[in-house]
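> What follows is each chain in one-letter form.
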Amino acid sequence: MNPFDPKHWDPCNEALERVHEFLNQRELTPQDQADIRRHLTDCPPCGDRFDFEEKLLERLKKSDPCQCPERLRARIKALLDLT
Amino acid sequence: MNDDRRLEFKEKALPLLDELYGAALRMTRNPSMAEDVVAESFARAWKSIDQFQPGTNLRAWMYRILTNTYITHFRKNKREPEKVSVDAYEKADHFHLYNKLSSRAPSAPDPAKEVMGRFTNEDFRKALDLLPEEYRTAVVLFDLEGLSYQEVASALDVPIGTVRSRLARGRALLQTTLHQHAVELGLVPA
Ligand SMILES: [Zn+2]
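Those protein sequences? They're chains A and B, same order as listed. Under the numbering used here, the first residue of the first sequence carries the number 1, and numbering increases by one thereafter. Under the numbering used here, the first residue of the second sequence carries the number 1001, and numbering increases by one thereafter.
Note that these hints are calculated values from the structure, not bench results. Quick caveat, the model's predicted, so the values are computed rather than measured. Keep in mind that a hint or two might mislead.
Stated by the list, open to error - Straight-line Cα separation of at most 27 Å, DSSO-like style, residue types lysine-lysine; simulated pairs:
| id | chain 1 | residue 1 | chain 2 | residue 2 |
| --- | --- | --- | --- | --- |
| 1 | B | Lys1113 | A | Lys77 |
| 2 | B | Lys1010 | A | Lys77 |
| 3 | B | Lys1010 | B | Lys1047 |
| 4 | B | Lys1012 | A | Lys62 |
| 5 | B | Lys1012 | B | Lys1047 |
| 6 | A | Lys55 | B | Lys1047 |
| 7 | A | Lys77 | B | Lys1047 |
| 8 | B | Lys1012 | A | Lys55 |
| 9 | A | Lys62 | B | Lys1113 |
| 10 | B | Lys1012 | A | Lys77 |
| 11 | B | Lys1113 | B | Lys1126 |
| 12 | B | Lys1047 | A | Lys61 |
| 13 | B | Lys1010 | A | Lys55 |
| 14 | A | Lys62 | B | Lys1047 |
Claimed, not checked - Listed below are several chain B residues computed to face chain A (Cβ distance under 10 Å; list not exhaustive):
| id | residue |
| --- | --- |
| 15 | Lys1010 |
| 16 | Ala1013 |
| 17 | Leu1025 |
| 18 | Arg1029 |
| 19 | Pro1031 |
| 20 | Ile1071 |
| 21 | His1073 |
| 22 | Phe1074 |
| 23 | Tyr1098 |
| 24 | Leu1130 |
| 25 | Pro1132 |
| 26 | Leu1144 |
| 27 | Ser1148 |
| 28 | Leu1167 |
| 29 | Arg1171 |
All residues carry an ideal CB built from backbone N, CA and C; glycine is no exception.
Work out the full structure: start from the sequences and follow the hints.
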């Protein structure tokens, strides 16, 4: 099967594969962004999956509010001669 | 010239300390090793400051050094990255958790959101820690730290296509792990 043959073009498959890229929109051309956004709006199954993945990654990001230990900060400052 | 660089480095690298430590902690999964990775990375950056082009992206440069330091000096098994069966993940359901949750109660209002709200931060951190290393580092650098494909690719020294597939598999595995965890917690039936 030739994936570029328009007869076999599956917008859902394409959209789901590109959900990952869409999650980071800066990596897509404005045209691709518009195409995928349109599909996610028109197709609730894809749209819901995208929303879910987006929320999950957002939540993952928030789960990790890290603070560098003071001991390490002091170690770095000493290294950079800032003490 | 190097004085300018050192000045710029002091001003811009120190504020990155929290996030670099966070990334190192997710890579090593070990607080004291994370401290050593960060300290060693700053030492290496400071020593090779003449390779840094003032005005270019210092943050990306630091992540590259950090990742490299971790991989070459601190990873337990330097030669061989943790072996995972690529096949198993090739076939992984990319929306495992979502599919399980929405098939559970199709009529409930957003069951996925309901269950996700019951996971703690610790649950998410654990799920990330359970990812095989090569997927975990890609997810940490791209999804958590917000580096670009190109920046992640050069930090990991792999082609961009590899970054993309590691991200896709890493995210798919996260859903699988979180689903297992939800089952253990009794939030969803197996
Ligand atoms: Zn669709």
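> Which hint numbers does the structure go against, in order from smallest to largest?
Structure breaks hints 1, 6, 8, 12, 13, 14, 18, 20, 21, 22, 24 and 25.
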